[in-house]
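Q: Chains as they are written, first to last, in the working numbering: chain A, 1 to 455; chain B, 1 to 613.
Within a straight-line C-alpha distance of at most 30 Å, the following computed BS3-like cross-link-like pairs (lysine-lysine) qualify:
#: 1; chain 1: B; residue 1: Lys272; chain 2: B; residue 2: Lys353
#: 2; chain 1: B; residue 1: Lys257; chain 2: B; residue 2: Lys283
#: 3; chain 1: A; residue 1: Lys381; chain 2: B; residue 2: Lys353
#: 4; chain 1: A; residue 1: Lys184; chain 2: A; residue 2: Lys211
#: 5; chain 1: B; residue 1: Lys275; chain 2: B; residue 2: Lys352
#: 6; chain 1: B; residue 1: Lys19; chain 2: A; residue 2: Lys147
#: 7; chain 1: A; residue 1: Lys234; chain 2: A; residue 2: Lys273
#: 8; chain 1: B; residue 1: Lys113; chain 2: A; residue 2: Lys211
#: 9; chain 1: B; residue 1: Lys334; chain 2: B; residue 2: Lys323
#: 10; chain 1: A; residue 1: Lys410; chain 2: B; residue 2: Lys364
#: 11; chain 1: A; residue 1: Lys240; chain 2: B; residue 2: Lys437
#: 12; chain 1: B; residue 1: Lys352; chain 2: A; residue 2: Lys434
#: 13; chain 1: A; residue 1: Lys332; chain 2: B; residue 2: Lys437
#: 14; chain 1: A; residue 1: Lys366; chain 2: A; residue 2: Lys423
#: 15; chain 1: A; residue 1: Lys141; chain 2: B; residue 2: Lys113
#: 16; chain 1: A; residue 1: Lys332; chain 2: B; residue 2: Lys354
#: 17; chain 1: A; residue 1: Lys423; chain 2: A; residue 2: Lys444
#: 18; chain 1: B; residue 1: Lys283; chain 2: B; residue 2: Lys320
#: 19; chain 1: A; residue 1: Lys290; chain 2: B; residue 2: Lys356
The hints are simulated quantities; they were obtained by calculation from the structure and are not laboratory data.
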Amino acid sequence: MWREHKHVFSISNVFKLKESKRAVNSIRSLVEEEDEEDDVEKVSWSGEPVGSISWSVKETESSIRSTGEVRDQSFPKIHTAPSLPKNSSGYSLSSLFKEHSEKLLTSLILYLLDCRWSVHDDVILLWQDYVSDWTPEETVKRMQQGKVYSLEKFRSLQDKLLLLDEAVNAHDGNVITAVLIYLKKSLSKEILFRELITREIALRHYIHYLKEIGEQKLLLMQYRDHLNVRDENKRRDFLKNCLSFPFSPDDATHVQDHYTLLERQIIIEANDKQVESSGQADIFKKYPRKASILNMPIITTLYYSCFYHYGESDGTFSSPANIRKTFRISDKQFLLTCLGARAKLKAWFDVDALFTTKNWLGYTKKRSPIGFHRIVDILQKNNAPVQVLQDYVNLVEDVEQKISLAQKYKCHDVIINTYRDLKDRQQLIVYRGKVERSSSEYRKIEEILSNSVRW
Amino acid sequence: MAHSVRRDAPELPDFSLLKRLARDQLIYLLEQLPGRKDLFIEADLMSPLDRIANVTTLKQHDVDKLYKVEHKPIVSTSDQTVRGCFLYPLTNWFLFPDVVNADKAFGRFRRYKIIFSPQKFYACENLLEEQGIFGDVTTDEWSFYLLPLDDDIISLELPEFFRDYFLEGDQRWVRTAGSALHLLHSVYGPFSKVYGIGRCSKMAYESWREQVEEGEQRARQAEIGNVFLIDRDVDLVTPLCSQVVYEGLVDDIFRIKCGCVEFCPDVTSSDKSIKVMLNSQDKVFNEIRNEHFSQVFGFLSQKARNLQTAYDKRSGMDIKQMKTFVSEELKGLKQEHRLLSLHIGASESMMKKKTKQDFQELLKTEHSLLEGFEIRECISYIEEHINRQVSMVESMRLLCLLSLTENGLLPKDYRSLKNQFLQSYGIEHLLTFSNLKQLGLLVEQQPGETLTVMESRVGKLVNDKTAGQIQAGPNTVTVFNTGWVPIPLLYLIQSDEEYDLRVPRDMAYIFSGAYIPLSCKLIEQVLERDGWTGLEEVTRMLNGHEFAVTGKTSGVKTDSQRIILVMFLGGCTFSEISALRFLGREKGLKFIVVTTAITNSARLLESMLDNHA
Numbered sequence: 001m002w003r004e005h006k007h008v009f010s011i012s013n014v015f016k017l018k019e020s021k022r023a024v025n026s027i028r029s030l031v032e033e034e035d036e037e038d039d040v041e042k043v044s045w046s047g048e049p050v051g052s053i054s055w056s057v058k059e060t061e062s063s064i065r066s067t068g069e070v071r072d073q074s075f076p077k078i079h080t081a082p083s084l085p086k087n088s089s090g091y092s093l094s095s096l097f098k099e100h101s102e103k104l105l106t107s108l109i110l111y112l113l114d115c116r117w118s119v120h121d122d123v124i125l126l127w128q129d130y131v132s133d134w135t136p137e138e139t140v141k142r143m144q145q146g147k148v149y150s151l152e153k154f155r156s157l158q159d160k161l162l163l164l165d166e167a168v169n170a171h172d173g174n175v176i177t178a179v180l181i182y183l184k185k186s187l188s189k190e191i192l193f194r195e196l197i198t199r200e201i202a203l204r205h206y207i208h209y210l211k212e213i214g215e216q217k218l219l220l221m222q223y224r225d226h227l228n229v230r231d232e233n234k235r236r237d238f239l240k241n242c243l244s245f246p247f248s249p250d251d252a253t254h255v256q257d258h259y260t261l262l263e264r265q266i267i268i269e270a271n272d273k274q275v276e277s278s279g280q281a282d283i284f285k286k287y288p289r290k291a292s293i294l295n296m297p298i299i300t301t302l303y304y305s306c307f308y309h310y311g312e313s314d315g316t317f318s319s320p321a322n323i324r325k326t327f328r329i330s331d332k333q334f335l336l337t338c339l340g341a342r343a344k345l346k347a348w349f350d351v352d353a354l355f356t357t358k359n360w361l362g363y364t365k366k367r368s369p370i371g372f373h374r375i376v377d378i379l380q381k382n383n384a385p386v387q388v389l390q391d392y393v394n395l396v397e398d399v400e401q402k403i404s405l406a407q408k409y410k411c412h413d414v415i416i417n418t419y420r421d422l423k424d425r426q427q428l429i430v431y432r433g434k435v436e437r438s439s440s441e442y443r444k445i446e447e448i449l450s451n452s453v454r455w
Numbered sequence: 001m002a003h004s005v006r007r008d009a010p011e012l013p014d015f016s017l018l019k020r021l022a023r024d025q026l027i028y029l030l031e032q033l034p035g036r037k038d039l040f041i042e043a044d045l046m047s048p049l050d051r052i053a054n055v056t057t058l059k060q061h062d063v064d065k066l067y068k069v070e071h072k073p074i075v076s077t078s079d080q081t082v083r084g085c086f087l088y089p090l091t092n093w094f095l096f097p098d099v100v101n102a103d104k105a106f107g108r109f110r111r112y113k114i115i116f117s118p119q120k121f122y123a124c125e126n127l128l129e130e131q132g133i134f135g136d137v138t139t140d141e142w143s144f145y146l147l148p149l150d151d152d153i154i155s156l157e158l159p160e161f162f163r164d165y166f167l168e169g170d171q172r173w174v175r176t177a178g179s180a181l182h183l184l185h186s187v188y189g190p191f192s193k194v195y196g197i198g199r200c201s202k203m204a205y206e207s208w209r210e211q212v213e214e215g216e217q218r219a220r221q222a223e224i225g226n227v228f229l230i231d232r233d234v235d236l237v238t239p240l241c242s243q244v245v246y247e248g249l250v251d252d253i254f255r256i257k258c259g260c261v262e263f264c265p266d267v268t269s270s271d272k273s274i275k276v277m278l279n280s281q282d283k284v285f286n287e288i289r290n291e292h293f294s295q296v297f298g299f300l301s302q303k304a305r306n307l308q309t310a311y312d313k314r315s316g317m318d319i320k321q322m323k324t325f326v327s328e329e330l331k332g333l334k335q336e337h338r339l340l341s342l343h344i345g346a347s348e349s350m351m352k353k354k355t356k357q358d359f360q361e362l363l364k365t366e367h368s369l370l371e372g373f374e375i376r377e378c379i380s381y382i383e384e385h386i387n388r389q390v391s392m393v394e395s396m397r398l399l400c401l402l403s404l405t406e407n408g409l410l411p412k413d414y415r416s417l418k419n420q421f422l423q424s425y426g427i428e429h430l431l432t433f434s435n436l437k438q439l440g441l442l443v444e445q446q447p448g449e450t451l452t453v454m455e456s457r458v459g460k461l462v463n464d465k466t467a468g469q470i471q472a473g474p475n476t477v478t479v480f481n482t483g484w485v486p487i488p489l490l491y492l493i494q495s496d497e498e499y500d501l502r503v504p505r506d507m508a509y510i511f512s513g514a515y516i517p518l519s520c521k522l523i524e525q526v527l528e529r530d531g532w533t534g535l536e537e538v539t540r541m542l543n544g545h546e547f548a549v550t551g552k553t554s555g556v557k558t559d560s561q562r563i564i565l566v567m568f569l570g571g572c573t574f575s576e577i578s579a580l581r582f583l584g585r586e587k588g589l590k591f592i593v594v595t596t597a598i599t600n601s602a603r604l605l606e607s608m609l610d611n612h613a
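Kindly generate the complete structure, drawing on both the sequences and the hints.
A: Structure representation (structure tokens):
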């Protein structure tokens with residue numbers, strides 16, 4: 001920090017010194033004025049602006065900073081953290097000279113407080129000779145208050161650590177970081193880390209600081225850097241490089257997946273781009289790609305593959321089956337994604353095939369890893385026509401759910417047939433009132449009701 | 001709204017003073033730089049600045065042009081560029097040197113000044129020094145700590161507080177919180193009692209106390225008596241729940257920024273969006289902001305009918321009456337008409353959006369999670385949510401709720417859900433999971449350390465039963481004792497009977513009567529008991545760090561004793577504010593909410609994301 005001050009001082013010259021003296025003098029008069037005003041105690045809280053803005057700032061500020069001597073309010077200190085061992089080594093200010101400088105400093109501080117940071121640099125000049133031995137506690141306090149301080153004299157490791165512990169005790173992250181920056185500059189990495197290991201709060205501040213200035217390279221952070229690599233090939237290579245990092249087994253699998261995924265996406269993208277521009281495939285003509293597949297999640301890639309590469313043989317990188325196998329996609333997940341993509345294309349035959357299973361006798365049966373009511377929902381969201389919807393509504397096992405879904409999506413046949421099968425004449429009559437007289441549904445209900453064999 | 005409204009609640013202090021203070025200080029800072037200057041404003045500071053000053057004010061103080069900070073070379077005509085780089089969140093402060101260096105490369109040497117708000121950090125100055133531009137750039141700070149958003153809401157506008165403190169473990173804002181409290185204490189104090197819970201609250205208290213000791217206190221009539229400090233991580237469940245109170249819902253859907261919301265064309269039924277201030281000045285909004293959404297429609301239609309009647313009065317009027325009507329009533333009616341149609345539009349639009357995303361089912365899952373019932377069903381609901389690639393943040397929210405209420409996921413579930421999440425939303429969310437784990441929002445159950453699922457389920461059931469009885473006496477509190485992240489059962493779950501949302505009987509109404517937010521319940525209990533006595537079990541579950549201290553000059557019974565300042569460290573939601581307003585009405589108290597930022601589930605979770613390049 002001394003260097004920092006020097007830097008400021010080096011700009012200085014005699015002229016500047018004079019200027020700063022003038023500045024301080026002018027401040028003094030301001031301060032005195034303020035005192036007089038305060039003695040009168042005529043501070044208005046009504047919010048009416050009085051006088052110039054500077055005056056009003058002073059007015060509001062000073063009234064907040066307080067003036068009177070009353071000090072009847074005091075709250076107890078509470079124990080905030082496991083207190084760190086305090087060392088009472090010789091930081092006392094006993095010498096006469098020091099006391100003298102303290103006094104001078106105090107009066108300077110008063111000026112500083114009022115002139116704030118703006119004249120800061122100038123005033124520093126006045127006391128460069130007086131910077132003295134502040135204890136760690138005093139130093140931290142001064143730093144918190146934004147006053148001038150110096151860390152240069154904390155040279156022994158013990159002193160540095162005392163300073164750090166004091167900063168941590170003060171619970172001021174700003175100061176903790178400031179001290180850590182100083183320690184970073186003045187201690188070797190090994191020593192600093194050795195000491196930080198036992199000081200968790202300081203360590204976390206240090207890591208956060210390094211992260212912010214971009215020096216931190218923890219494991220995941222290194223992986224994170226792939227986000228900064230724009231070019232996909234370079235990004236892929238970067239990820240490949242990450243594979244050798246000592247991740248936990250779970251995370252290692254994910255990073256491996258990430259690499260594999262991007263590798264494939266690059267291949268698929270290059271191929272499809274070429275196919276699309278050559279106009280060879282109908283699917284791309286009919287549904288031009290809206291965006292590149294690069295850097296998309298696995299499921300989006302699967303959706304893409306179900307959309308553009310459905311029915312390809314398992315061997316190709318772009319086939320749904322291959323993606324499903326490579327990334328260990330669950331049946332449920334695969335079905336949902338595939339369903340979404342095929343429904344979007346209105347390929348109802350494919351949708352149908354997704355659920356069809358054959359038993360050993362050759363009979364077909366519809367099965368689904370998720371409830372058919374959900375399937376109906378998804379199909380409906382993809383604007384499936386009623387003819388398609390009702391097939392799936394029919395597959396819903398719970399009768400009540402079936403009817404409510406059928407009503408929601410106006411699958412009249414399902415409703416009518418269900419009531420018929422339930423032999424619920426009453427409901428049928430009610431339902432007849434809901435459909436239009438001229439409709440085929442109406443006729444169908446009439447027919448059932450008049451069919452006396454049924455009832 | 002409630003039955004037993006106490007009408008003697010004291011008046012709130014006037015917080016507009018804080019705005020004036022901030023404005024005057026800014027002007028003072030600008031006056032320190034004589035001559036014309038350009039002002040560059042960091043994006044995050046735009047809205048707060050808007051609330052306290054306008055362009056005219058700035059122009060009056062020689063500000064030539066206003067720019068948004070864009071971290072690229074500055075094209076400006078002024079010879080003296082004041083770079084009002086109000087790096088409020090300081091998220092981008094390390095980019096600043098590039099701007100100056102780029103300027104230098106062009107052979108331009110301009111004078112820059114960075115004004116940090118609310119304070120400057122040593123790390124920033126150090127960076128300027130390291131980059132060799134320390135002398136070229138001067139710095140200053142604008143102690144803009146507190147922005148009153150409404151009569152009873154004051155924000156520190158530090159959304160990054162949550163991440164910085166709770167995730168990164170950086171205490172840089174602790175002193176800021178202490179200073180903000182100190183400012184309030186100096187202007188509206190002296191406080192007589194301070195209660196608090198949480199490590200950060202303790203540190204903020206200490207920082208404040210030290211600042212009080214450093215300064216000198218003037219004796220004045222206290223306007224705020226008691227203070228309650230609470231760390232956000234004491235209750236992470238509440239901010240993760242879907243909000244159903246009008247103001248909260250508007251925030252969830254449209255995002256209220258600095259007390260201002262932008263309603264899309266959908267709401268305004270025109271072709272453009274409009275920005276609207278949402279606060280107590282809006283008479284219609286003021287009446288519905290704290291209401292459960294289901295009650296809002298009825299209220300608005302009643303209001304519309306009244307308005308119609310008021311307009312209809314015209315028909316039977318003679319000229320003279322018409323004249324008085326036009327001069328006295330018409331303006332008010334028109335204003336009301338405008339506001340009414342705005343909020344009706346907003347309600348309709350929200351209704352549409354929520355129906356589209358199957359809100360009912362979502363709420364059902366949420367409530368099941370909180371009650372600890374049908375967890376397997378909840379998990380498959382979440383799974384499907386993830387599988388269908390529905391909103392990433394929503395999926396994450398449900399996962400976190402699951403983890404918080406179940407004390408972590410079973411290792412098998414954790415692995416499978418994480419895997420599916422990464423497949424659906426991108427593998428780079430590895431980073432997000434690592435963050436969520438660090439913060440304790442989404443974790444794996446540690447084998448051997450926790451109860452088995454069955455045991456904890458049984459524990460919950462037992463507690464659930466007693467929960468009904470607890471309500472009788474205020475002295476009993478039951479606790480969800482569920483392992484390593486204990487969730488006290490202050491979410492008094494009340495599922496059996498019908499909850500009449502028209503006449504809410506307790507703060508649970510903000511969540512459809514399903515449960516009471518822990519944060520607010522704690523506040524209620526501590527105020528009632530005047531301390532933490534009897535809540536030992538709860539605080540133990542919450543990892544302790546509770547305190548209650550009394551200043552020397554308490555004992556004076558004035559109105560100020562019934563004004564309670566609640567400071568949320570790490571953000572609070574509009575739902576919690578509504579709950580506290582309700583509590584205030586019930587008990588004849590007035591709550592002032594001071595928060596590091598207004599938060600909601602989306603903001604909270606987005607702050608956990610790391611995947612922006």
